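Asks: Please work from the sequences and hints to get the whole structure.
Everything in the first sequence is counted per my numbering, starting at 39 for the first residue and increasing by one.
Quick caveat, the hints were computed from the structure, so don't treat them as lab data. Careful, some of the hints might be misleading.
To be verified - Using C-beta positions, here's what the derived DEER-type ranges look like:
hint, residue 1, residue 2, range
1, F253, P148, 22 to 32 Å
2, E307, P148, 33 to 43 Å
3, G188, K304, 29 to 39 Å
4, M39, E141, 17 to 27 Å
5, D274, S299, 48 to 58 Å
6, K90, A494, 39 to 49 Å
7, R512, S295, 33 to 43 Å
8, S476, R512, 42 to 52 Å
9, Q539, E147, 28 to 38 Å
These figures come from a predicted structure and were not determined experimentally. Glycine included, each C-beta is placed from N, C-alpha and C at the ideal position.
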Amino acid sequence: MSFEARIANEIRSAARDAFGVELEAVHVERPNDPSHGDFATNVALANAKVFKRNPREVAATLAGAVEAPFIKSAEVAGPGFINFRLSPGAVWAEIASLIEAGENYGREEPSGEPVQIEFVSANPTGPMHVGHGRQAAYGDSLARIMEAAGRKVSREYYFNDGGNQIRLFAESVAVRYAEMFEREWPVEDSDSLYKGEYTKEVARDLSKEYGEKFFDMDRGEALSEIGDFATRWCMDDIRRTLARIRVRFDNFFNEKSLYDSGGVEKTIEKLKASGHTYEEDGAVWLSSSEFGDDKDRVLVKSDGSYTYVAPDIAYHADKWERGFRATVNILGADHAGYTPRLRAGIVGLGLPGDFLDVELVRLVKLMRDGEEVKFSKRAGNVVTLDELMDEVGEDVARYFYVRFSHKTEMGFDLGLAIKQSDENPVFYVQYAHARIASIFRRAETSPEDVGEIHPAELAPEERVLAMELLDFPRIVRNAAAKREVHLLPTYLETLATRYHQFYTIHKVLVDDEDVKARRLALCAATKNVLKNGLGLLGVHAPERM
RNA sequence: GCGCUCGUAGCUCAGCCGGAUAGAGCGUCUGACUACGAAUCAGAAGGCCGCAGGUUCGAGUCCUGCCGAGCGCGCCA
Numbered sequence: 039m040s041f042e043a044r045i046a047n048e049i050r051s052a053a054r055d056a057f058g059v060e061l062e063a064v065h066v067e068r069p070n071d072p073s074h075g076d077f078a079t080n081v082a083l084a085n086a087k088v089f090k091r092n093p094r095e096v097a098a099t100l101a102g103a104v105e106a107p108f109i110k111s112a113e114v115a116g117p118g119f120i121n122f123r124l125s126p127g128a129v130w131a132e133i134a135s136l137i138e139a140g141e142n143y144g145r146e147e148p149s150g151e152p153v154q155i156e157f158v159s160a161n162p163t164g165p166m167h168v169g170h171g172r173q174a175a176y177g178d179s180l181a182r183i184m185e186a187a188g189r190k191v192s193r194e195y196y197f198n199d200g201g202n203q204i205r206l207f208a209e210s211v212a213v214r215y216a217e218m219f220e221r222e223w224p225v226e227d228s229d230s231l232y233k234g235e236y237t238k239e240v241a242r243d244l245s246k247e248y249g250e251k252f253f254d255m256d257r258g259e260a261l262s263e264i265g266d267f268a269t270r271w272c273m274d275d276i277r278r279t280l281a282r283i284r285v286r287f288d289n290f291f292n293e294k295s296l297y298d299s300g301g302v303e304k305t306i307e308k309l310k311a312s313g314h315t316y317e318e319d320g321a322v323w324l325s326s327s328e329f330g331d332d333k334d335r336v337l338v339k340s341d342g343s344y345t346y347v348a349p350d351i352a353y354h355a356d357k358w359e360r361g362f363r364a365t366v367n368i369l370g371a372d373h374a375g376y377t378p379r380l381r382a383g384i385v386g387l388g389l390p391g392d393f394l395d396v397e398l399v400r401l402v403k404l405m406r407d408g409e410e411v412k413f414s415k416r417a418g419n420v421v422t423l424d425e426l427m428d429e430v431g432e433d434v435a436r437y438f439y440v441r442f443s444h445k446t447e448m449g450f451d452l453g454l455a456i457k458q459s460d461e462n463p464v465f466y467v468q469y470a471h472a473r474i475a476s477i478f479r480r481a482e483t484s485p486e487d488v489g490e491i492h493p494a495e496l497a498p499e500e501r502v503l504a505m506e507l508l509d510f511p512r513i514v515r516n517a518a519a520k521r522e523v524h525l526l527p528t529y530l531e532t533l534a535t536r537y538h539q540f541y542t543i544h545k546v547l548v549d550d551e552d553v554k555a556r557r558l559a560l561c562a563a564t565k566n567v568l569k570n571g572l573g574l575l576g577v578h579a580p581e582r583m
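Replies: Next comes the structure, spelled out in structure tokens:
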């Protein structure tokens, strides 16, 4: 049990004994100022009305009543805070068990209902770009963090391999393909085609495998086959990129299977039967405005084809049928308006609306030499995720992506990122880890074997470091609950600072065996937390650098 | 116009369930390597926390309004 929880329990029982008051929420926090002790609580202030007494008086009574071996002192301060100091023995015991826990420190065994997280879900019409990268890094880290916080997680990638975009993409490749044989592939609207260089690569591979066969085929069949090939090509490429940025999925789900299984049709029929649809102008509309959407949406167009909403609703019905009762969709901020209509469809099917939860990730504003790089997949001037990683490396890319709240716009100046890579916060955190590894090499021992710890009073830098280390599980829980991945990088940078400060003032490898064992324990504990924390972000913790 | 997300140091951003003197990195300036890694540390400068009200013992944090930014508001996805 954390010190916060243990202190809260002490306070609760003290309030019960001294005042006959049953306290509900007892807020215990770490003060910013070390002179205010290791922990502080504002109960006397926050519950002034309940106690019907002067807060300072209440605080004094509570502080006097608290008595536990792990608490060294409890003092009243300011308008009525109670400041706690922990006994060194208790702190060292926690540090020892932290080291003992190893990779499980900060991690709870997953239990209960699984949550399904859907993210990236980029269409297979081109390589992943830097915007996808942010969603990939955020989604994967969130999944890891939620797992660490004790939630079962299933990661899924939904890809659209049918529909208009794919048809356009097939045509784009067909045009390139024809060029290779110096022939023509007539298209209606060449402006809407994908123009990226990669379309040539797809065409080259296509021609290698099939030669000129598509010129002799029925145009529709040819396009369908080319589309299949091009889609597969892109998915292979995307999977490679995902692997490179260390993002894994439990399942890749394709839109086509929903048509093949009749899922889309079944969903539409169900919606019709539910009475939440109507026909107008030859189209089938979903009465989504009944469920909070701005307006009603078309499900089936007047030409009989589906809008993208239809398969998406079917897809979510499928998630429900597969047994998921909680899902999180991670989407680009440009899809903000999409949630209400999808939720309307879900509710229309009789499923609970909170089955679907959405996190919007702001787009990445990519800068190069102070100028914004506009990117558009069709125009072809995309900066791909692979190019970004080529320039700054996988660790920097992953770390940088999640360093800021996913809700804020992120400006990423490529030129600057390369130039400043030496001063990058990733290296700051990694350096602390490598530095510790170096100490253990010199000490000729391992972090798992630091010897017996004989508790003693901690120096200020040691105490601050220790308290930071013991805060890790709370940070993980908090990040998971709020789905704010950036709390981890923020924490790790603070921890690294605490360690560097400790390191500068205190020599670890001293002659006094007791002192050495305690300091080595702090090093081992820090190394462990840095490694676990970076692991949650998909960033390496190097032994040397 | 309506909706969503934001507005904190020159720049990029933190800030726990409302707590004590609002923090870090980059940039600028000054110091510290013949002790375990100087990719580090210590210090300085730099703030009407967008503006105005409200809630209360206490507001960067909660509420309302305004100003500003981004995104969305298709029988595109």
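Asks: Indicate, hint by hint, whether the structure satisfies it.
Replies: Tested hints:
1. F253 <-> P148: 22 to 32 Å: violated, 54 Å
2. E307 <-> P148: 33 to 43 Å: holds, 37 Å
3. G188 <-> K304: 29 to 39 Å: At 36 Å between Cβs, range holds.
4. M39 <-> E141: 17 to 27 Å: holds, 21 Å
5. D274 <-> S299: 48 to 58 Å: violated, 24 Å
6. K90 <-> A494: 39 to 49 Å: This hint holds: roughly 44 Å between Cβ atoms.
7. R512 <-> S295: 33 to 43 Å: holds, 42 Å
8. S476 <-> R512: 42 to 52 Å: violated, 29 Å
9. Q539 <-> E147: 28 to 38 Å: holds, 34 Å
Hint check: violations occur at hints 1, 5, 8; the rest are consistent with the structure.
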